[in-house]
Amino acid sequence: MTSRAQAPAPIAVIGLGNVLLGDDGCGPFVIEQLRAAWQLPATVELIDAGTPGLDLVTYLDGREVVIFIDAVVAAGSPGDVRIYGGDDLRGLPAKPRGSPHDPAVQEALDIVALAGRGPRQVLLVGIIAETLALGAGLSPVVYAATERAVGCVVEALRQCGAPPLPRQAAPLAVPWWLRAACASRPHG
Amino acid sequence: MARITVDPITRIEGHLRIDAVVDGGEVQKAWASCSMWRGIETILLGRDPREAWLFTQRFCGVCTTVHAIASVRAVEDALGMQIPLNAQYIRNLILIAHALHDHIVHFYHLSALDWVDVTTIPKADAAKASSVGESLSEWPGNSRHEMERVQKSVAGLLESGQLGIFANGYWGHPAMKLIPEVNLLAVAHYLQALDFQRKANQVVGILGGKTPHIQNLAVGGVMNAINFNSLATFNMDRLYMLKDLLGEVVPFVQQVYFPDACAIAGFYPEWFEIGAGVKNYLTVPDLPTDPASTAFDIPGGTIFDGNLADVRRISSGRDEYFRKGVVEDVTHGWYQGRGAQHPWQGETVPNYTDFQDDGKYSWVKAPRFEGKPMQVGPLSNVLVAYALEHELTRKWTDLALARVSAIAQRPITVNHLHSTMGRYLARAIRAAVLSELAVRHWELLATNITGGDVETFRAPDFPKGAIEGVGFHEAPRGTLSHWVVIKEGVLANYQAVVPTTWNASPRDQNDVPGPYEAALLKNPIADPEKPLEILRTVHSFDPCMACACHTLDLQGTPIATVKVL
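Those protein sequences? They're chains A and B, same order as listed.
Heads up, this note's numbering is the position in the first sequence plus 8, with the first residue counted as 1.
Heads up, this note's numbering is the position in the second sequence plus 1058, with the first residue counted as 1.
Calculated from the structure, these hints are not laboratory results.
Quantities reported herein were computed from a predicted structural model and do not represent experimental measurements.
With the Cβ distance kept under 7 Å, some of the chain B side facing chain A (calculated, not the full set): (1) Ile1101; (2) Gly1119; (3) Ile1223; (4) Leu1249; (5) Asn1259; (6) Pro1270.
Even for Gly, the Cβ is constructed at its ideal location relative to N, Cα and C.
Bound-form chain B, shown alone (with noise of 0.2 Å):
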């Protein structure tokens, strides 16, 4: 028996750490933990609620749109206030795009090397690889002359000794397993992929005013003026510009992204029995088309166990089984008392411990939905959909169930998503299913302009006494709710329920495991000093732990350790 802690040390705390005790070549126990205090939210207390998004989208230096959103939706909804259409459509639009260059960084610059070699690159046969990513798609930056000059770039890094962004990898670990071939298509789109997550980034800073941290965002809707005859303003040069980027990223997501996503797990379909852990999925709708945020292009809604047929819809923000249903457990975290609170009544003050196994081992709470731990995310989103028989969703899924299919020469089924790959998948599935959406929501906006509606914003307007209210958005990494009290008209409690906290929470006070704990079990290890299948697993949730601090450490020593005992 072994124990395995994977822990990236930093100077500055607040990674996440996953502790696993591995026995017969398999994971036994997990445990995941953040080893940052995330108590951010008390720096809102006291202030102007209009600004309050500024503040949030500083939270998280990946996730900072998400955070700007879901704050200005939980303050509109304490006001009860509605929002002019276009600003949804540029909400919308923003929001789509900055998941698109999100899932596309995941997927290749995150992940890819979890399941690619690089080194067997030099092996490759140029012209082989070509062939088959013609054999995937039509996409033209699959040619032999691209095979070979990016086959020369990575050979001559390997022989350089010095291999930079590859000098991490778990190289030549025998659940590597896709031939050389393929390992340098991945590649080539790994490299290409730089290009289009750089233009879906674009998009956001065109409608947001820049990148990093949008400025365009308002209690009341957006700050982006709509005038045709400006050249100052969101005019038809700025609409058409967008066009051209969407032009250049829908493809590229449907043709190179979808297409490899499926490739890999039909040469890994093993990964579909492997990682389930809690088959409970919560996913909230998003991409509102009214001003009272009532309809939605994506929906919401949860699974428990498994049971697509059980299914319950989440009708919109205001609908009780969402606001109710959600609590935070500090039992395991590093908080004072036990037991779950609302976030409206939460509270966030710091009782650290040291990691005991069976007490207290975490800086992330554990929330629960209607008690019980949930996963969310591209899967839980998917899947609810699927469950709800949302259009784009199944054409999608069934799209990619029957490609892996054909590659692994065995039926993959909707069942087979419970699981590592499935969340693999479920992503890329999501990305399709968005990009079809970004073409839309750039239709509604331009019909709705053109007809003459340049309204954008309301201001406004707080009452005397209390109010609380919730916002959410279906974010790259899943649910997102921000949760706010108002009392005469400045923040007396502000507390964000983020994905990573649903996914990565520690146990509840009836010692049930959170999504990665749970997905962590019967995870083979072939090399306990190589825990590659752990990272896996774990990124196979994207988790994102340290939305905080950055600060280099040029004192040389090592910044982290993977530690057997």
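This is chain A alone, in the form it adopts within the complex (with noise of 0.2 Å):
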């Protein structure tokens, strides 16, 4: 979301997952990615979500299209990118409300669509996780994986009518949580 108070950007790019357990931290990264290498039509925001659990209905509330990123656990090899339809979320069964996290996707879709505000096309690009062990930083296999499935976000924007421009001699994103430990005082 913007600083702004203003009705949202029609199609929503969000990335899911915590940066600080490995692979989880998928989706930011590949929104860092897409921030840093291209240039994006003002009907497109980009939103590193973290884990909103419920919160979530907050940044899918009255948006036309929502492609999320996100690390997925599915049949197939660890940095496989997978795509999925609406429907494929929606199917998921159910569970008990334990904790604010417990909620997750499906279940903010269902909010914002019984409140007749839920997007009509719904997109989940999937990358296969390697590790979730707790380190901030992907395996190289995923990291491999992370560029194809910026690839799948572009084309799934421009199949949207909302295609993006490749920046010029676009530098490559290095988030403040892949910044490497401290080695020494801060101040000298």
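Got two chains here, each in a separate frame; can you build the complex from them with the hints?
So, in structure tokens, the structure goes:
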């Protein structure tokens, strides 16, 4: 969500996951790569949503198209990139509400749908994770997969009539969580 | 006798598991366990203390802001820093808006369906639902037209058989007692609440730069540049945008959330007799109003054994009563060793053993204050503030008790608040108090800036050698504290004692149970296959266990079980 109180952009690209837990951070990492290398139309908003649980509702409300990027558990090898449609997400079984984290993607989609403000199109670009162990960084195989995931998002945006333009000589983003720990005092 | 295990099992572990032994229709013994290692603080060791808050706000996806604030406060405490007034007010407005957002979501979207049976809604008389709503408050969203509209969409969903968000409720359960009209009114507000939690979140976004994960903090203040002549900075436009948003959120809290919580409490008065558990309460002062953080708009303190007359104040972050009082016990946690340690000396060395009823059974450590388990959260906050005669808390508590008593047609007093329903009601009381303070802190900020003070940041200076600090925050789920040790300007130890650690604490070395475990004792269980009553009591604490991980499971395997042995 941008800092101004205005109507949300019709297309949201939402990276999900915890950047401190290995490959779970692939969603936010793809968002940073998109931000660094592509110029997006004003109709598109990029969101690193972290692990919002039910707070995801806030970012779905009033959108026409939502594209998620997240680590997934699915048949296949680590680093495989899979694309799922809204029906795949809605087919997931419901589970008891335990904590604010439990209601996840499908429940947030159901709530905005009941309010009559849900997206008409939902897409998930999923990357099969190798490790979800504590640590800020992706495994090499998932790191390589993020480039393909960026390509999938770019293609999906083209098909939605919101084509991104590549930036010239785009730098590779190094987000804060991938910077090394300091070896000595921060102040000399 | 039956043993119930409520255990949402995902491939990624990290959830609350409750085990309860049920006999004679009530819970006889209970265990609270977290199935995920919370050693996430270790990622901070060796890092620059000035950037710790960026990492800590990724501890938890829901309570991002609170971990950021506690972190900068901890480092500032270690440095003995004062911060500019504008920084205090801006942080306070962020904290209040976040809390209002969180309390609204808890009441409507996370816990209302424990009390509201949506399947009765098609039977409701929409005109009667509208008049019930109008009898509770002057809120304009209770019209007959609105009730008919909501009734139609809920009925459509129920007829479709694709229940969506309503698929996992215990519908028709004997403990569901509201009439169809009240259920309809509650679901109408459930949908309206979506707008207002979003507006509260926009306040956080305007001040914090974005949500989730605010970007405006710094050790030493905030990074908001204030210049009324610049379009790019915090200016008059932004200031009044905040006022407009608060002008919408505050009436929703006072005219919808607060009356609804009173109504639900009034219709379920028996829940004021259930779920007290640990009657020791801890809360920390918050919303500092001076650069040194010695004066606060919400008081802190402790109450033991439910005795409000013996309340003891925690005056500030420098108060030794708090700084020395906290320990964490690992006797029943999956960590090496036995006994208790102060957070500055705390270690987090895992030692997983499997679930042992009388041994180690949780990844949560057992925090203790003066050796005792403590309940934290809005109820602690309201009881301590009430006992200390905090004016706003008295006003809203007395109003709530009068309304609940009128609906229940029996006297409900402060003493009834030691209960499952007391926790729900206290959350609404606290939200109402905070809604008034939101307006006050907006005025404090506006007055200070228009008076010419635009300072927002003072650069920190790290000394040689080792320093220690604690930063606390009275978060939506209760007392949060971050404890840091900094050596030669680098983080040498970092321990976060989070609210759910206090409440979901396992037993300690003296076998004294934690607040969840104690609160579940004597809970009635009408149907062990559908332990709705356990959910009501656990949800009353607003648990937040899985401060970590999120991965979608697309294999179609069951992702949760409720098991009765």
